[in-house]
Structures are given as C-alpha cells and as structure tokens.
Amino acid sequence: MRIKEKIEKAGVPLKDWDVQINYGIKTGFNEAFIIDDATRRELIEKCPKSEEIIRPILLGRNIKRYSYQWEGLWLINAHNGLKSKKIPRVDVINDYPAVFEFLSKFREKLELRLDKGDHWTNLRNCAYLDEFDKPKVAWGNLAQQSQFTIIPDGFMINAPSPFFVTNNLYLIAILNSKLGDYYIKSLGVSRSGGYVEYKPMFVENLPIPVPSKEAQELLTEKVQNILLKREAGEETIKEEVEIDSIVSHLYNLTIEEKQLIDLLTFRLAY
327 MRIKEKIEKA
337 GVPLKDWDVQ
347 INYGIKTGFN
357 EAFIIDDATR
367 RELIEKCPKS
377 EEIIRPILLG
387 RNIKRYSYQW
397 EGLWLINAHN
407 GLKSKKIPRV
417 DVINDYPAVF
427 EFLSKFREKL
437 ELRLDKGDHW
447 TNLRNCAYLD
457 EFDKPKVAWG
467 NLAQQSQFTI
477 IPDGFMINAP
487 SPFFVTNNLY
497 LIAILNSKLG
507 DYYIKSLGVS
517 RSGGYVEYKP
527 MFVENLPIPV
537 PSKEAQELLT
547 EKVQNILLKR
557 EAGEETIKEE
567 VEIDSIVSHL
577 YNLTIEEKQL
587 IDLLTFRLAY
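In my numbering, the protein residues as written are 327 to 596.
Simulated from the structure, these hints should not be mistaken for laboratory data. All of these numbers come straight from a predicted model, not from anything done at the bench. Some clues are possibly wrong.
The calculated lysine-lysine pairs, modelled on DSSO-like cross-linking and capped at a C-alpha distance of 30 Å, are [said to hold, decoys possible]: (1) Lys335 x Lys584; (2) Lys435 x Lys375; (3) Lys352 x Lys335; (4) Lys511 x Lys332; (5) Lys375 x Lys332; (6) Lys431 x Lys390; (7) Lys431 x Lys335; (8) Lys564 x Lys539; (9) Lys390 x Lys409; (10) Lys372 x Lys525; (11) Lys442 x Lys511; (12) Lys442 x Lys584; (13) Lys332 x Lys372; (14) Lys375 x Lys460; (15) Lys390 x Lys352; (16) Lys332 x Lys460; (17) Lys372 x Lys352; (18) Lys548 x Lys332; (19) Lys548 x Lys525; (20) Lys411 x Lys335; (21) Lys564 x Lys332; (22) Lys352 x Lys330; (23) Lys335 x Lys412; (24) Lys390 x Lys511; (25) Lys341 x Lys375; (26) Lys431 x Lys442; (27) Lys511 x Lys431.
Computed Cβ-Cβ distance ranges for the label pairs, DEER-style [to be verified]: (28) Glu540 x Ile419: 27 to 35 Å; (29) His575 x Lys390: 21 to 29 Å; (30) Glu368 x Gln585: 50 to 58 Å.
Positions of the beta carbon are idealized from the N, C-alpha and C atoms, including for glycine.
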C-alpha cells in the first residue's frame, strides 16, 4: 500500500494526459467483415473500387510488447457514416457490387446481429471512426504482462482490444515498465494461467509522472530503439531494464521498493 500511494502521488492519471481510450471495431460477425489476402484480391479484381473500403486490421493476438505482427487480414470497412464530420454511410449495394455479393453470402446472420448499422451491410455506428487514421497506442485486452505498442495510422484495431490516439512514446515506456505493469495489475482482474484483464478502466488510472525534458527525451529514444530492434527481430532486454531503472527513479522509489516490485511482477521472456 505504501508503494501504491507513492506511485499515485508521483503522477497524473493517464486519462488526464489528453487521451481517450476506445475499443476497436465491433463487426458483429467477423467471419463476414474480416477477410484474408486472397479474398481481398478477388474482390478488387471483380471491382477495383472495392479497395476504397478495405483496410488492414490487427486482432488482439497480433499486438505484442513494443511490436505487432500483422497476419495479412483486412476489414471490409462498410461503416455507418460519421455524422459529426458529415461523412455518409457506405452504400455497399450501389457503390461496391463485389463486396455486396460477398456479404450476401452471410445475409441471414448479418441481419440478425445486434451490432449493425442502418443497413445489414453496414458496421455499427462508431463516433471515433477517424481515430483509426492516426498513430495510436494499442494493447491486447487479456495478457500475462503489459503489451503496449504504437500502431501506425491506417491500421484498424479489432475489439475487444483498446487503443488511444497518440505518438507520445514516453507514455509507452511507462505503460510497459515493470512499475506500470505492477500498478495496473493491482487494479485489474486476474484470470487462470496468470492472465490479467488490461481493461481501459484500469489502464487509464495509471499515474504517470510529468517528466523533465531530459527524462522524456531519454525514454523516447530508448523506446524508439526498442521498436527498431523488435522490427528487426533483435533482443531488447538491455533497453527494457534501463527503462525500468529510469521509471523507478521518476517515481522516487527506493532500491528496496524497486526490488519488491521486481519480485511481485511476473515478466515473460521475449
């Protein structure tokens, strides 16, 4: 409790860092709206215009610690419009005949689903649809340890994985640190096998210190190095240990408190 109180006094909750955590896209029937490369090529060959509404998508299992692994999956982004931006819903029937033909195979189930738009070919309303067009931090909803990473603009995220728009790598350093993981786990719900639910309601309450310019630049640089190394398939233990040390200093932890967190935090080897 003393360590928890010390963490809370040292930082400002993530939700107060001008971020809004949202869930990924809920299709209501993934079998119809999430397609593979072969299906995408077939739809575009039949009607080149189909490419306009087909976007790359990441599932929860694709989001890793400081990295992501795209499986070549795509979302038929037949959205229901964005009223705040005066963007009309996608008219699949009249504008995308090849996609309509494909979705018609699933018509009965698409009509019965609860998560749908104005027409059975449309996805449900999504007020933050344009947020997917920006760089974002995303993570899997269920994991054994923190697995936050930056996702480039353009990628869609599938629910229940959460995300928030930012390109602030300093936040990722704190979220993926042992200390950050320890605090989130102290709020979260444990499951069998050592898994924890990293729900937005827990993540958004992680207190994050307002850093000096030097500390922010240093942690940002280390995260950049990790992202590059992960992309190249290289080991990043050294950088992660260094981040843990810097983060502990930001929260004013003693050596004994840091060691206790090390003992309490279960970390997988990557």
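Hint check results:
Of the supplied pair hints, the one linking Lys335 and Lys584 holds, its CA atoms being roughly 16 Å apart against a limit of 30 Å. A hinted pair counts as satisfied when its Cα atoms are at most 30 Å apart, and Lys435 with Lys375 qualifies at roughly 25 Å. A threshold of 30 Å between alpha carbons decides the hint, and for Lys352 with Lys335 the separation of about 37 Å lies outside it, so the pair is violated. Between Lys511 and Lys332 the CA atoms are separated by roughly 16 Å; this keeps the pair inside 30 Å, and the hint holds.
In summary, the hint linking Lys375 to Lys332 is not supported, as the alpha carbons are separated by about 56 Å, beyond the 30 Å threshold. Simply put, Lys431 and Lys390 have alpha-carbon atoms about 34 Å apart, too far for the 30 Å limit, and the pair is violated. Between Lys431 and Lys335 the alpha-carbon distance is near 56 Å, which puts this suggested pair outside the 30 Å criterion. For a cut-off of 30 Å, the pair hint linking Lys564 to Lys539 stands: about 23 Å separates their Cα positions.
Our distance criterion of 30 Å between C-alpha atoms is broken by Lys390 and Lys409, whose separation comes to about 34 Å. Restraint check for Lys372 and Lys525: the C-alpha separation of about 41 Å exceeds 30 Å, so the hint is violated. Between the alpha carbons of Lys442 and Lys511 the distance comes to roughly 34 Å, so the proposed pair goes past 30 Å and is violated. Pair hint Lys442 plus Lys584 does not hold up; C-alpha atoms about 48 Å apart against a cutoff of 30 Å.
Annotation: proposed proximity of Lys332 to Lys372 is violated, straight-line Cα distance about 61 Å (limit 30 Å). Between Lys375 and Lys460, the direct Cα distance comes to roughly 23 Å. Compliance with the 30 Å bound is thereby established for this hinted pair. Annotation: proposed proximity of Lys390 to Lys352 holds, straight-line Cα distance about 21 Å (limit 30 Å). Only pairs whose Cα atoms come within 30 Å are accepted, and Lys332 paired with Lys460 is rejected, the gap being roughly 34 Å.
Our distance criterion of 30 Å between C-alpha atoms is met by Lys372 and Lys352, whose separation comes to about 27 Å. Taking the CA atoms of Lys548 and Lys332, the gap is near 25 Å; set against the 30 Å cutoff, the hint holds. Straight-line distance between C-alpha atoms of Lys548 and Lys525 comes to about 26 Å, which keeps the hinted pair within the 30 Å bound. Restraint check for Lys411 and Lys335: the C-alpha separation of about 40 Å exceeds 30 Å, so the hint is violated.
Taken as a hint, the Lys564 and Lys332 pair is honoured in the structure, with Cα atoms around 26 Å apart against an allowance of 30 Å. A hinted pair counts as satisfied when its Cα atoms are at most 30 Å apart, and Lys352 with Lys330 does not qualify at roughly 35 Å. Of the supplied pair hints, the one linking Lys335 and Lys412 is violated, its CA atoms being roughly 43 Å apart against a limit of 30 Å. Restraint check for Lys390 and Lys511: satisfied, since their Cα atoms lie roughly 18 Å apart, inside the 30 Å limit.
Proximity of Lys341 to Lys375 is assessed by CA-CA distance (about 40 Å); at most 30 Å being required, the pair is judged violated. The straight-line distance between the Cα atoms of Lys431 and Lys442 is roughly 16 Å, inside the 30 Å bound, and the hint therefore holds. Taking the CA atoms of Lys511 and Lys431, the gap is near 43 Å; set against the 30 Å cutoff, the hint is violated. Between Glu540 and Ile419 the Cβ separation comes to about 57 Å, which falls outside the hinted range of 27 to 35 Å.
Checked against the given bound of 21 to 29 Å, the beta carbons of His575 and Lys390, roughly 27 Å apart, stay inside it. A hinted range of 50 to 58 Å for the beta carbons of Glu368 and Gln585 is consistent with their spacing of about 57 Å.
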